Each structure stands twice: as structure tokens, then as C-alpha cells.
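Going down the list, the protein sequences come from chains D and W.
The opening residue of the first sequence carries number 1 in the numbering used here; numbering runs sequentially from there.
The opening residue of the second sequence carries number 113 in the numbering used here; numbering runs sequentially from there.
Note that these hints are calculated values from the structure, not bench results.
Heads up, some of the hints might be wrong.
As the list claims (entries may be wrong) - Sample of chain D residues facing chain W (criterion: CB under 10 Å; computed from the structure):
1. Val4
2. Leu8
3. Leu10
4. Tyr31
5. Tyr33
6. Ala41
7. Ala85
8. Phe88
9. Cys89
10. Ala90
11. Lys99
12. Ile101
13. Phe102
14. Gly103
Unchecked claim - Straight line, CA to CA, 25 Å or less: simulated SDA-like cross-link-like pairs of lysine to any residue:
15. Lys36(D) to Lys174(W)
16. Lys99(D) to Asp212(W)
17. Lys99(D) to Gln129(W)
18. Lys67(D) to Tyr48(D)
19. Lys70(D) to Thr211(W)
20. Lys99(D) to Ser119(W)
21. Lys99(D) to Ser128(W)
22. Lys99(D) to Leu225(W)
23. Lys36(D) to Glu180(W)
24. Lys190(W) to Ser51(D)
25. Lys99(D) to Asp168(W)
26. Lys56(D) to Thr211(W)
Unchecked claim - Which residues of chain W face chain D? A partial, calculated answer using Cβ under 7 Å:
27. Pro155
28. Ala179
29. Leu182
30. Asp212
31. Gly217
32. Pro218
33. Gly219
34. Thr223
Computed from a predicted structure; not experimentally measured.
Built from N, CA and C at the ideal position, the CB exists for glycine as well.
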Amino acid sequence: GEDVEQSLFLSVREGDSSVINCTYTDSSSTYLYWYKQEPGAGLQLLTYIFSNMDMKQDQRLTVLLNKKDKHLSLRIADTQTGDSAIYFCAESLFGGYNKLIFGAGTRLAVHP
Amino acid sequence: EAEVAQSPRYKITEKSQAVAFWCDPISGHATLYWYRQILGQGPELLVQFQDESVVDDSQLPKDRFSAERLKGVDSTLKIQPAELGDSAMYLCASSPVDTDTQYFGPGTRLTVL
Numbered sequence: 001g002e003d004v005e006q007s008l009f010l011s012v013r014e015g016d017s018s019v020i021n022c023t024y025t026d027s028s029s030t031y032l033y034w035y036k037q038e039p040g041a042g043l044q045l046l047t048y049i050f051s052n053m054d055m056k057q058d059q060r061l062t063v064l065l066n067k068k069d070k071h072l073s074l075r076i077a078d079t080q081t082g083d084s085a086i087y088f089c090a091e092s093l094f095g096g097y098n099k100l101i102f103g104a105g106t107r108l109a110v111h112p
Numbered sequence: 113e114a115e116v117a118q119s120p121r122y123k124i125t126e127k128s129q130a131v132a133f134w135c136d137p138i139s140g141h142a143t144l145y146w147y148r149q150i151l152g153q154g155p156e157l158l159v160q161f162q163d164e165s166v167v168d169d170s171q172l173p174k175d176r177f178s179a180e181r182l183k184g185v186d187s188t189l190k191i192q193p194a195e196l197g198d199s200a201m202y203l204c205a206s207s208p209v210d211t212d213t214q215y216f217g218p219g220t221r222l223t224v225l
């Protein structure tokens, strides 16, 4: 079945790196996404990685994909208070009309 | 930068009433999605349109929910009658036909009393 799991909460100090982890079950995933949601707002696309890639870097964001273990991570370098939000991992299923399956989200709290 | 528009942003209604949400996707995006996000959970797909056609409504509670995209542009999601368990954020997203990437609107937060 389709399932995406994330840890629920992460607390980091401002300036440190944050690593948010995600596991997924469907090996036919084509793309894997990271979205950010601030309180009361919609989802903001942060970055994505194609399933045949191992790593993607985009400014302060680094995505690592371990396809063998079905493990995805998002690293945020030099975490700032503005990074405090809920981060969602999502997989896009091959042949599923681009349907996205989301995890429950990881709440990132950045403290001074 | 083009964005997905949704209205209203907030809606409070009493159970058994009818509610409707509107979404205007990014211009040129052929695919439109409606998701429901219950507090503390990730979004779940309710219905997906390709142009004006429904391609996936397997999770849409069809006894009370309906969705349309008559001209293949903007879309309306309706709930009639609303139930207490329908309180949630309703998110609309769109994507171009040649990519999986979905862009989300700000959502409509529904509270059913």
C-alpha cells in the first residue's frame, strides 16, 4: 500500500542544520517532494527530486534519496526562525495521474 | 509570479447547511486537484481534474460532496449537507500537463458548528 511516514517534531537552535526524515513504501514513486506549510497557509513547494537521483542541492536545501531503503531527507543549512513551519514529504505515484501521497508532516521549531 | 487563487479563505457554517469553495488555477495548468487537510495530518486527495474531466474521485464522499470544472479552468467544490467532521482545510492545487509538480493555493478553512 501507499504510505509516507515522518517524525512529528524537530527542535533546532538558530544557525544549526536541520534534518527532516521521511520514509515511503511505494517503489514506483516517480518524484518525491518537500512542501512547507506555515500556520493557516497553503503548501509552498520547496524542492523535489526525481526517483533516479541520489541528491539535489538548492541553496540552503539538500535532499538525499536512498531508494534502496525508501528513505528521503531534507537538510536545511543555517536554520533561521523563518524556517519554523510544518514540512511535508510527498511521493508522486507512477501511473497514478500524478497523485501525491503526503506524510503527516514534521513540525520544525527553531529557537534562539 | 502566478498563484492558485481560492475563496473564501475562511468559512463558518452550521451542520446541514450547504457550502461551496472556489479555485482558480494557475493560467494554462490543465490539471486541478482538491485536497482535504484535517488538523494535524497531511493533505488527502478528494478529486482530480484533467481539463474538465474527472480522472480520480475515489476518495470523494459522493453522497455529500460534488466538484465541477465546467470550462476546464476554475473549479467549485460543494458540500451539502455539511457535517461536523467536514471541518478541515480545503486546498486546491494545479499542475501543468507535462509535469508532476503541484502548486497549492492558500486554502479555505472550513469550520462546521
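Here's how the hints hold up against the structure:
At its closest, the beta carbon of Val4(D) sits 7 Å from a beta carbon of chain W; the interface hint therefore holds under the 10 Å criterion. Here the hint on Leu8(D) is kept, as its CB sits about 9 Å from the closest CB of chain W, short of 10 Å. Interface hint status for Leu10(D): violated, as the beta-carbon distance to the closest one in chain W is roughly 16 Å, over 10 Å. A cut of 10 Å between beta carbons decides the hint on Tyr31(D): the least distance to chain W is about 5 Å, and the hint holds.
Here the hint on Tyr33(D) is kept, as its CB sits about 8 Å from the closest CB of chain W, short of 10 Å. Against a cut-off of 10 Å between C-beta atoms, the interface hint on Ala41(D) holds, since the closest Cβ of chain W lies about 6 Å away. Checking Ala85(D) against chain W by beta carbon gives a least distance of about 14 Å; that is not within 10 Å, so the hint is violated. Proximity of Phe88(D) to chain W holds as hinted, the smallest CB-CB distance being about 5 Å (cut-off 10 Å).
This hint holds: Cys89(D) has a C-beta 9 Å from the nearest C-beta of chain W, less than the 10 Å allowed. The interface hint given for Ala90(D) holds, since its Cβ lies 7 Å from the closest Cβ of chain W, which is under the 10 Å cut-off. Given the 10 Å rule on beta carbons, the hint for Lys99(D) holds: about 6 Å separates it from the nearest Cβ of chain W. The criterion of a C-beta within 10 Å of any C-beta in chain W is met by Ile101(D), whose closest approach is roughly 8 Å, and the hint holds.
Evaluation of the Phe102(D) hint against chain W yields a held restraint, the C-beta minimum of about 3 Å falling below 10 Å. Because the closest C-beta pair between Gly103(D) and chain W is about 5 Å apart, less than 10 Å, the hint holds. Proximity of Lys36(D) to Lys174(W) is assessed by CA-CA distance (about 30 Å); at most 25 Å being required, the pair is judged violated. Note on Lys99(D) and Asp212(W): the hinted pairing holds, with a Cα-Cα distance of about 8 Å set against a maximum of 25 Å.
Distance hint between Lys99(D) and Gln129(W) is unfulfilled; the C-alpha atoms sit about 30 Å from each other, more than 25 Å. The straight-line distance between the Cα atoms of Lys67(D) and Tyr48(D) is roughly 14 Å, inside the 25 Å bound, and the hint therefore holds. Restraint check: the Cα-Cα separation between Lys70(D) and Thr211(W) comes to about 22 Å, which is no more than 25 Å; the hinted pair holds. With a C-alpha separation of about 23 Å, the suggested pairing of Lys99(D) with Ser119(W) holds against the 25 Å cut-off.
With a C-alpha separation of about 31 Å, the suggested pair Lys99(D) and Ser128(W) falls outside the 25 Å cut-off, and the hint is violated. With a CA separation close to 31 Å, the supplied pair Lys99(D) and Leu225(W) exceeds the 25 Å bound. Taken as a hint, the Lys36(D) and Glu180(W) pair is broken in the structure, with Cα atoms around 28 Å apart against an allowance of 25 Å. Simply put, Lys190(W) and Ser51(D) have alpha-carbon atoms about 36 Å apart, too far for the 25 Å limit, and the pair is violated.
With a C-alpha separation of about 9 Å, the suggested pair Lys99(D) and Asp168(W) falls inside the 25 Å cut-off, and the hint holds. Of the supplied pair hints, the one linking Lys56(D) and Thr211(W) holds, its CA atoms being roughly 18 Å apart against a limit of 25 Å. Because the beta carbon of Pro155(W) sits about 5 Å from the nearest beta carbon in chain D, less than 7 Å, this interface hint is met. Given hint, Ala179(W) at the interface with chain D, is violated; its Cβ is 15 Å from that chain's nearest Cβ, farther than 7 Å.
The restraint placing Leu182(W) at the interface with chain D is violated, with a minimum CB-CB distance near 20 Å, outside the 7 Å limit. Using the Cβ-Cβ criterion of 7 Å, the hint placing Asp212(W) at the interface with chain D is satisfied: the shortest such distance is roughly 4 Å. With 7 Å as the threshold, the beta carbon of Gly217(W) comes within range of chain D, its nearest partner Cβ sitting at about 5 Å, so the hint holds. Contact between Pro218(W) and chain D, as hinted, is supported at the beta carbon level, the nearest pair being about 4 Å apart and thus within 7 Å.
Taking 7 Å as the C-beta cut-off, the interface hint given for Gly219(W) holds, the closest approach to chain D being about 5 Å. A hinted interface residue such as Thr223(W) counts as satisfied when its beta carbon comes closer than 7 Å to some beta carbon of chain D; here the least separation is about 13 Å, so the hint is violated.
Hints 3, 7, 15, 17, 21, 22, 23, 24, 28, 29 and 34, counting from the list given before, are not met by this structure.
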